[in-house]
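J.: Okay, here's what each chain looks like letter by letter:
There are 2 protein chains.
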Amino acid sequence: MTTPLDDQRNYRLPPVCILGLGLIGGSIMRDLAARGERVYGYNRSRSGAYAANKEGFDASTDLSATLDRAAGDEALIIIAVPMSAVESILDNIAARAPHCGITDVVSVKKPVYDLVRSRGLAPRYVGGHPMSGTENSGWNASHVGLFERAAWAVAYDWAAERTDAGEPVDPSWTTLFAQVCTLAALSGAEAVPVTVHHHDEAVARVSHLPHVIAESLAIVGDHGGTLAQSLAAGSFKGATRVAGTDPELVRNMCETNAEALVPVLDEFISLLGSARTALAGDTPTVKALSEAGNRAFVRMTARSGARRESVSPVRISSRPVMRVHPGAPGWVGQLKQIEDLGGRVEVF
Amino acid sequence: MTTPLDDQRNYRLPPVCILGLGLIGGSIMRDLAARGERVYGYNRSRSGAYAANKEGFDASTDLSATLDRAAGDEALIIIAVPMSAVESILDNIAARAPHCGITDVVSVKKPVYDLVRSRGLAPRYVGGHPMSGTENSGWNASHVGLFERAAWAVAYDWAAERTDAGEPVDPSWTTLFAQVCTLAALSGAEAVPVTVHHHDEAVARVSHLPHVIAESLAIVGDHGGTLAQSLAAGSFKGATRVAGTDPELVRNMCETNAEALVPVLDEFISLLGSARTALAGDTPTVKALSEAGNRAFVRMTARSGARRESVSPVRISSRPVMRVHPGAPGWVGQLKQIEDLGGRVEVF
Chain H
1 MTTPLDDQRN YRLPPVCILG LGLIGGSIMR DLAARGERVY GYNRSRSGAY AANKEGFDAS
61 TDLSATLDRA AGDEALIIIA VPMSAVESIL DNIAARAPHC GITDVVSVKK PVYDLVRSRG
121 LAPRYVGGHP MSGTENSGWN ASHVGLFERA AWAVAYDWAA ERTDAGEPVD PSWTTLFAQV
181 CTLAALSGAE AVPVTVHHHD EAVARVSHLP HVIAESLAIV GDHGGTLAQS LAAGSFKGAT
241 RVAGTDPELV RNMCETNAEA LVPVLDEFIS LLGSARTALA GDTPTVKALS EAGNRAFVRM
301 TARSGARRES VSPVRISSRP VMRVHPGAPG WVGQLKQIED LGGRVEVF
Chain E
1 MTTPLDDQRN YRLPPVCILG LGLIGGSIMR DLAARGERVY GYNRSRSGAY AANKEGFDAS
61 TDLSATLDRA AGDEALIIIA VPMSAVESIL DNIAARAPHC GITDVVSVKK PVYDLVRSRG
121 LAPRYVGGHP MSGTENSGWN ASHVGLFERA AWAVAYDWAA ERTDAGEPVD PSWTTLFAQV
181 CTLAALSGAE AVPVTVHHHD EAVARVSHLP HVIAESLAIV GDHGGTLAQS LAAGSFKGAT
241 RVAGTDPELV RNMCETNAEA LVPVLDEFIS LLGSARTALA GDTPTVKALS EAGNRAFVRM
301 TARSGARRES VSPVRISSRP VMRVHPGAPG WVGQLKQIED LGGRVEVF
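As they're listed, the protein sequences go chains H and E.
Here the first sequence stands for residues 1 to 348, numbered as in this note's numbering.
Here the second sequence stands for residues 1 to 348, numbered as in this note's numbering.
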């Protein structure tokens, strides 16, 4: 029996150069190294690079030297820095390694794509976003298996734009797309094709709004003083966990995706306003909200992420799968179909 | 070395009669039985009682017979039904077992206390609320250890009212208070003294608001369709988990605590409104929110619940503790001090 990964051995990766060895970049480095891939990286902070080297990884604090090396061995470059540092990193890549394939793991996709395009790097870029993280950050929080069964959004806008314009997709881009899907698979994740616009709208709902909520709820709980702190249990802890995230990272996510986040926040505030009205009436009720919320929860749970079969120890993905040969006739149309389903793509 | 439980052996429990063998009542039955206490109960649904009996527990579907038995052996009665059924249960207790000590595990305390008082049962009542639960319900979801290290709010209003009025506290009430603290300890929980008003305000913040948020966020996520469902990860799942709760139970919690919940909901909506304004400006920012939210999170985490020491496998409570001898001079004043600290009480 072949696994998705066996099929993808056609696309074993070139050397991988990770720029930024924090929680995400560091975890990718560990996963790739564990799979026997060639991987090295750059980290701005000396302490992170030192810790990585001490564990036997290949990390440098010299960005220029790292990019020269990437250019020399035609590495796949992964941008794993916060959004606020992407512009400067792209300038360095454009100057020193413009022919390398580029992907990224930033939590918004359109702002990155705009920066990429404005530098003429779009033909060598396939955006990515692994939907996995914790409230911790930095190399010391990174670990093998962080992305196991997670969705890894892979943006196919470049191919869609060419196809919509009746133009061919450059084979080097097609190969890069397959490599990024393989990168996701090697990290244990499931590649979910997205366009940057759809991605940013979806993550505003399921990631950035939850962060805004967590911060706000932490404040409301804290206003309750020590008694509220003492009585806080699972529902509070679950909803506020990501308020433990470094505020700078939250700013990077939410501020750069403000365009998509504001209307989603309005939708949420409007629901709460209705709940408030129904609760403040003569006969307080949350009937409509709790029933609609529970139905929505059941749908989200049934369809999102991986589930564990009751008997088998193997976790089964609940995402529909489509096997796609990048560059084959109609392949971009297939990606659009998968995106509509929130499905995963396996390249062969 | 003596443990808190050893000290509380002075207050070994009478037989315990649990009315309602769902997640909470069923888990208490299991914990008490595992400790060798005498425990039996009533459950409205035949399937729940049947399942309990099949596992060797002593469960009946006959409320009258169960209350007659409780009256006969002077049991401690635990009301473990949803708020909507409390009134009818209290009427039955008043009719058949009015001399038994009564406690409850309902998630609001003032509405229960009002019903208790209107039936003249207050001298035989000490309200309780174990701060532990899951999104599942019913006997089959119950399990040993559900309350391990959880806060178990224990209401001392009756004693405070007597003391404030310069009247003595009936020794039978004092004994009952100690028994309820012992019940919490036997279940692995930590007794946190509360007044019903402070309790309801605090749980509006840390439990009922999170439920309203979970329902609303589930709906907003679901509006994102299958792609949002596919991309939903930890932050979304953590914040929406309790939307899996039976909507009837959510209604029972939130509707009966509407008086405390509405102002807390207003506070939350106001914070989101400020966040929305800051995000919709020319330079979108969540700086103020993310920094205040993170500080609040750190405070809540530092002070709430139990933590695991880095070396020791033993979980250490982070709640300050005060040892109190119920009925001793100044003991009600001590309870007020502990409540202000969100601390736990150990009776001796």
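Worth flagging that the hints you see were computed from the coordinates, not collected in a lab.
Accuracy of the hints is not assured; some may be wrong.
What the hints assert, rightly or not - With a straight-line Cα cutoff of 30 Å, these simulated BS3-like cross-link-like pairs (lysine-lysine) come out:
#1 H:Lys237 with E:Lys336
#2 E:Lys54 with H:Lys237
#3 E:Lys110 with E:Lys287
#4 H:Lys287 with H:Lys237
#5 E:Lys237 with H:Lys110
#6 E:Lys237 with H:Lys336
#7 E:Lys287 with H:Lys110
#8 H:Lys110 with E:Lys336
#9 E:Lys287 with H:Lys237
#10 H:Lys287 with E:Lys110
#11 E:Lys287 with H:Lys287
As the list claims (entries may be wrong) - Footprint (simulated), chain E over chain H, 3 or more residues, beta carbon under 8 Å:
#12 81–91
#13 162–168
For each residue, glycine too, the CB sits at the ideal point set by N, CA and C.
J.: So, for every hint listed, does it hold in this structure?
T.: Hint check results:
no. : hint                   : verdict
1   : H:Lys237 with E:Lys336 : holds (26 Å)
2   : E:Lys54 with H:Lys237  : violated (35 Å)
3   : E:Lys110 with E:Lys287 : violated (39 Å)
4   : H:Lys287 with H:Lys237 : holds (24 Å)
5   : E:Lys237 with H:Lys110 : holds (25 Å)
6   : E:Lys237 with H:Lys336 : holds (26 Å)
7   : E:Lys287 with H:Lys110 : holds (22 Å)
8   : H:Lys110 with E:Lys336 : violated (55 Å)
9   : E:Lys287 with H:Lys237 : holds (22 Å)
10  : H:Lys287 with E:Lys110 : holds (22 Å)
11  : E:Lys287 with H:Lys287 : violated (36 Å)
12  : 81–91                  : violated (count 0)
13  : 162–168                : violated (count 0)
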